[in-house]
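Asker: These are the residues of each chain, in order.
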Amino acid sequence: MERQLNTRCVVTGLGMVNAIGANVNECWENALAGKSGIDHVKSVSAKNCYADLGAEIDFALPENKEVDRVSVLCLKASEEAFNDSGIAGNIEDATRFGVIMGSCVGGVVSIEQYITNGEKTEDINKMTISPIANNVATAFGAKGVITNVGNACAAGAISVAYACELIRAGVADAFIVGGADAFASVPFSGFHALHALSENPCSPFNHSNGITLGEGAGAMIVESYEHAAKRGAKIYCDVLAAGISSDAHHITAPRPDGIGQMYAINRAIDMSGLKKSDIGYVNAHGTGTAKNDEAEFLSLHTVFDNSGADLSVSSVKAMVGHCLGAAGAIEAVYSIKALTEGKIPPTVGYSDEDIENLKEKAGDIDFMPNVSKDKELKAVMSNNFAFGGSNASVIFAKDAGEVKEIESDGDVFITGLGIVSPLGNGVENYVAKVSEGARVEGNSAKAEVGKEDFDKFDIKMAFFRKLDKFSLIQVVSGLEALKEAGIVLEEGKEEDYGMIIGTGDGPLTTVYEFEDHIAKEGNENGSAFNFPNTVYNAAGGYLSIKTGLRGYNVTVTNGSQSGLQSVAYAFHEIRQNRAQGMLATGTDENSAVMEKLYGQLGLVAGADAKLYGESGMTLSDGSVSVALENAASAEKHGGKKYARVTGYGMTHEGVKYGSVAGSEAGLKSAVEKALAMAGITADDVDAIYGLGNGVKEYDDIEIAVNKELFGGKKPVHNVRSYVGEARAAAATLSVAHAALTLSGDLPASQKAFFFENGVEEKDVDTSAYKNVLVVAVGVGGSYSAVTLARV
Amino acid sequence: MNEKELQVAEKIKGMLVENLRIPAEELDYEIALFGDGIGLDSVDSLEIISCIDSEFGVAMTGVGKEHFFNITSLTKYVCEHME
Numbered sequence: 001m002e003r004q005l006n007t008r009c010v011v012t013g014l015g016m017v018n019a020i021g022a023n024v025n026e027c028w029e030n031a032l033a034g035k036s037g038i039d040h041v042k043s044v045s046a047k048n049c050y051a052d053l054g055a056e057i058d059f060a061l062p063e064n065k066e067v068d069r070v071s072v073l074c075l076k077a078s079e080e081a082f083n084d085s086g087i088a089g090n091i092e093d094a095t096r097f098g099v100i101m102g103s104c105v106g107g108v109v110s111i112e113q114y115i116t117n118g119e120k121t122e123d124i125n126k127m128t129i130s131p132i133a134n135n136v137a138t139a140f141g142a143k144g145v146i147t148n149v150g151n152a153c154a155a156g157a158i159s160v161a162y163a164c165e166l167i168r169a170g171v172a173d174a175f176i177v178g179g180a181d182a183f184a185s186v187p188f189s190g191f192h193a194l195h196a197l198s199e200n201p202c203s204p205f206n207h208s209n210g211i212t213l214g215e216g217a218g219a220m221i222v223e224s225y226e227h228a229a230k231r232g233a234k235i236y237c238d239v240l241a242a243g244i245s246s247d248a249h250h251i252t253a254p255r256p257d258g259i260g261q262m263y264a265i266n267r268a269i270d271m272s273g274l275k276k277s278d279i280g281y282v283n284a285h286g287t288g289t290a291k292n293d294e295a296e297f298l299s300l301h302t303v304f305d306n307s308g309a310d311l312s313v314s315s316v317k318a319m320v321g322h323c324l325g326a327a328g329a330i331e332a333v334y335s336i337k338a339l340t341e342g343k344i345p346p347t348v349g350y351s352d353e354d355i356e357n358l359k360e361k362a363g364d365i366d367f368m369p370n371v372s373k374d375k376e377l378k379a380v381m382s383n384n385f386a387f388g389g390s391n392a393s394v395i396f397a398k399d400a401g402e403v404k405e406i407e408s409d410g411d412v413f414i415t416g417l418g419i420v421s422p423l424g425n426g427v428e429n430y431v432a433k434v435s436e437g438a439r440v441e442g443n444s445a446k447a448e449v450g451k452e453d454f455d456k457f458d459i460k461m462a463f464f465r466k467l468d469k470f471s472l473i474q475v476v477s478g479l480e481a482l483k484e485a486g487i488v489l490e491e492g493k494e495e496d497y498g499m500i501i502g503t504g505d506g507p508l509t510t511v512y513e514f515e516d517h518i519a520k521e522g523n524e525n526g527s528a529f530n531f532p533n534t535v536y537n538a539a540g541g542y543l544s545i546k547t548g549l550r551g552y553n554v555t556v557t558n559g560s561q562s563g564l565q566s567v568a569y570a571f572h573e574i575r576q577n578r579a580q581g582m583l584a585t586g587t588d589e590n591s592a593v594m595e596k597l598y599g600q601l602g603l604v605a606g607a608d609a610k611l612y613g614e615s616g617m618t619l620s621d622g623s624v625s626v627a628l629e630n631a632a633s634a635e636k637h638g639g640k641k642y643a644r645v646t647g648y649g650m651t652h653e654g655v656k657y658g659s660v661a662g663s664e665a666g667l668k669s670a671v672e673k674a675l676a677m678a679g680i681t682a683d684d685v686d687a688i689y690g691l692g693n694g695v696k697e698y699d700d701i702e703i704a705v706n707k708e709l710f711g712g713k714k715p716v717h718n719v720r721s722y723v724g725e726a727r728a729a730a731a732t733l734s735v736a737h738a739a740l741t742l743s744g745d746l747p748a749s750q751k752a753f754f755f756e757n758g759v760e761e762k763d764v765d766t767s768a769y770k771n772v773l774v775v776a777v778g779v780g781g782s783y784s785a786v787t788l789a790r791v
Numbered sequence: 792m793n794e795k796e797l798q799v800a801e802k803i804k805g806m807l808v809e810n811l812r813i814p815a816e817e818l819d820y821e822i823a824l825f826g827d828g829i830g831l832d833s834v835d836s837l838e839i840i841s842c843i844d845s846e847f848g849v850a851m852t853g854v855g856k857e858h859f860f861n862i863t864s865l866t867k868y869v870c871e872h873m874e
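These protein sequence lines map, in sequence, to chains A and B.
Residue numbering for the first sequence follows this note's numbering, starting at 1 and increasing by one per position.
Residue numbering for the second sequence follows this note's numbering, starting at 792 and increasing by one per position.
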């Protein structure tokens, strides 16, 4: 059955900080006045660099030594939005209040700090993107869906889109969404190495000779109209629709033909129920690189010319710089201000001659050189395009509109699996190894991919040599899952298939090594070759390039549970008809760097780890992909229906980041939500695929909640018995292992833990399992639960 | 190649293997680095320029494409411009 998704999503609070202001009002007034925040950089070294400009925040930020600068920025913008919305004290059910934040480089300032300042343990838990949304959730009491989007410069925009999807699905009432990034050596050195930095202040749609980096955060409170109206909230605008796509073209450059951008833009317009001519302002991505600006000119002209639109376009990056993962959020806030104030901020930096030259390129579109203007607006669009070929377009409007999104309750099948693990690669290999009782040994294990995998999936040298291990293992597992599912893209329908990549630590090894190199050799010696792999969505970008999948493509990153969150997210995309099929993955990498960091945190076992045995973990890695398809797609491609996905829950019980102790309520709530969505009770659950990893505080939570919900009587299988703590890969492998059990591919007799009388391990017969539950945890207290059913 | 040129060529080859992850067995001094040969791209050329600058102190920014054709042509350019 299909239902129209009529729920209105409205924006009720705004927050922003960037180089030209400490709050929304300052940022807005300064933008209208054309004030630029670009100056010579102070927080990073530009010694021997050909460019030395940046839009840094030069005023004092709140002191908070517990978190990275990126979280300081994000907390500041979030607090402003939270207070602005008046939502405090008006949240009836905190498990329906979530946080989704976008970031590109996350806590990279703390990586620099760690490397250059005595390798302090306290810096380790600040290094990745994961803590950002956790810190915001804990600060503002959000206990619902908590995650971060790692899609580089489109991340902030995607956070708005996903929050609205979840509200429309009825999963949540309200979110703090946005994005943040801090000025840092890694992106400065990386863009410098790519010769993508401009020597002069960036000049979007004008000189187009490179970017100027910025920093900041943008935040919005997005909630259902019903929730907002009930509490008498001030409403800024509606979020009507969004479009998300992948170029499947190049890891850093946009498609010159603009079709990925145009799909995202057109999808947003189509779903919004608006006419093109209703859109009066586009806040462009407008980075100021030649390739971006050319592609964007083409997209905007192709979409809007001859549509009757009276369109104004500007890029605030000429004033606030390119704030990377914050860009989409900051620019969404500027777009909403433009809509609600009836004023449009300019693109600064044009000379008289430039204005003359602009005329031909601009055609009928007003590119707003130098001066703001008053304009009555009905709807506005904010566009962001990123490394990895990621495209996002979001539409805000004054009125409700007629949103065309629909949702179906049809079956979603797991039709393909891909496994890269320390036990070897391939599903067949995994089944064989598990059947013969193989388990990784020692306290650290690493997966490998090589010639055999490249030959099997026709991955050529010119392609694979570009990828770091993180991306390589993801590409190999993704290709296997697609092949198993038999998914072959039809021409013209490439956007019907996409992927959700889940990762806890992302490309932390590559980022760390990049930083380590420039800390020694100087920012002028960053590696152009390695820099593209420092973005979290590089793996998803490469996989889309290799497969041609041009649909919805998002990387979620919130600890190890990201590998289960990805399954929930992908399931939801298929249910909401944005895709016929999706890959959902979990990928995390082990390396000398990870051994050092996890070892220093005291999480790694001295020798062999013993699950539920207070030993510490076997640090491990891998990449696991599952292909999900709706019934029609599954029939068409004829892949094996391993299992059905029937429900999910995503929750958070905020504890100090770095720990999970005390977050039992989060796991309980995630399980309850998943069971409710699947329409089953705890009694119906035949087995649980657990989250314990040998670290006491993790194991204790699982045991306590299992006893409370299931009396400790249900069998608990745990894939970490076989592969170690592969983090996000273990979370997705739990789904794959459960699917292989339900399908009968794995032997019926398997080991399981029981918690009723201490911890016991017994052989159980799995052949009668009908409904199973998979759970996963992220450090800081985030949980996902997914239910699967036998086909 | 004379001895000095051979040394430079080996260093360049090592750099291509190490920094651009080109399998050593695919590389000889004559194979075309760009296009139908190894298939390097513009980002790789930035890396080559940066590595040659730091290894040999030879600046190749803006230098004609023909000098990047293969390891032999890179070696020739480096040797002619090394101090």
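Just to be clear, a hint being listed does not mean it is correct.
Unchecked claim - The calculated label-pair distances, taken between Cβ atoms and stated as ranges, are:
1) Ala-432/A / Glu-801/B: 38 to 48 Å
2) Asp-93/A / Phe-825/B: 53 to 63 Å
3) Asp-832/B / Lys-656/A: 53 to 63 Å
4) Gly-826/B / Ser-435/A: 43 to 53 Å
5) Gly-826/B / Pro-256/A: 37 to 47 Å
6) Asp-257/A / Asp-832/B: 11 to 21 Å
7) Ser-845/B / Lys-656/A: 20 to 30 Å
Said to hold, decoys possible - Short derived list, chain A residues pointing at chain B, Cβ under 8 Å:
8) Asn-117
9) Thr-121
10) Gly-141
11) Arg-465
12) Ser-527
13) Val-593
Stated by the list, open to error - With a cut-off of at most 30 Å between alpha-carbon atoms, the simulated DSS-like pairs for lysine-lysine come out as follows:
14) Lys-804/B / Lys-378/A
15) Lys-35/A / Lys-373/A
16) Lys-795/B / Lys-451/A
Keep in mind that the hints were calculated from the coordinates and are not lab data.
Remember, predicted model here, so these are calculated numbers, not experimental data.
C-beta: ideal position from N, C-alpha, C; glycine also.
Asker: Now, for every hint given, state plainly whether the structure supports it.
Answerer: Checked hints:
no.	hint	result
1	Ala-432/A / Glu-801/B: 38 to 48 Å	holds, 44 Å
2	Asp-93/A / Phe-825/B: 53 to 63 Å	holds, 59 Å
3	Asp-832/B / Lys-656/A: 53 to 63 Å	violated, 45 Å
4	Gly-826/B / Ser-435/A: 43 to 53 Å	holds, 48 Å
5	Gly-826/B / Pro-256/A: 37 to 47 Å	violated, 19 Å
6	Asp-257/A / Asp-832/B: 11 to 21 Å	holds, 18 Å
7	Ser-845/B / Lys-656/A: 20 to 30 Å	violated, 43 Å
8	Asn-117	violated, 26 Å
9	Thr-121	violated, 32 Å
10	Gly-141	violated, 45 Å
11	Arg-465	holds, 4 Å
12	Ser-527	holds, 6 Å
13	Val-593	violated, 18 Å
14	Lys-804/B / Lys-378/A	violated, 60 Å
15	Lys-35/A / Lys-373/A	holds, 15 Å
16	Lys-795/B / Lys-451/A	violated, 35 Å
The structure is inconsistent with the numbered hints 3, 5, 7, 8, 9, 10, 13, 14, 16, although it conforms to all the rest.
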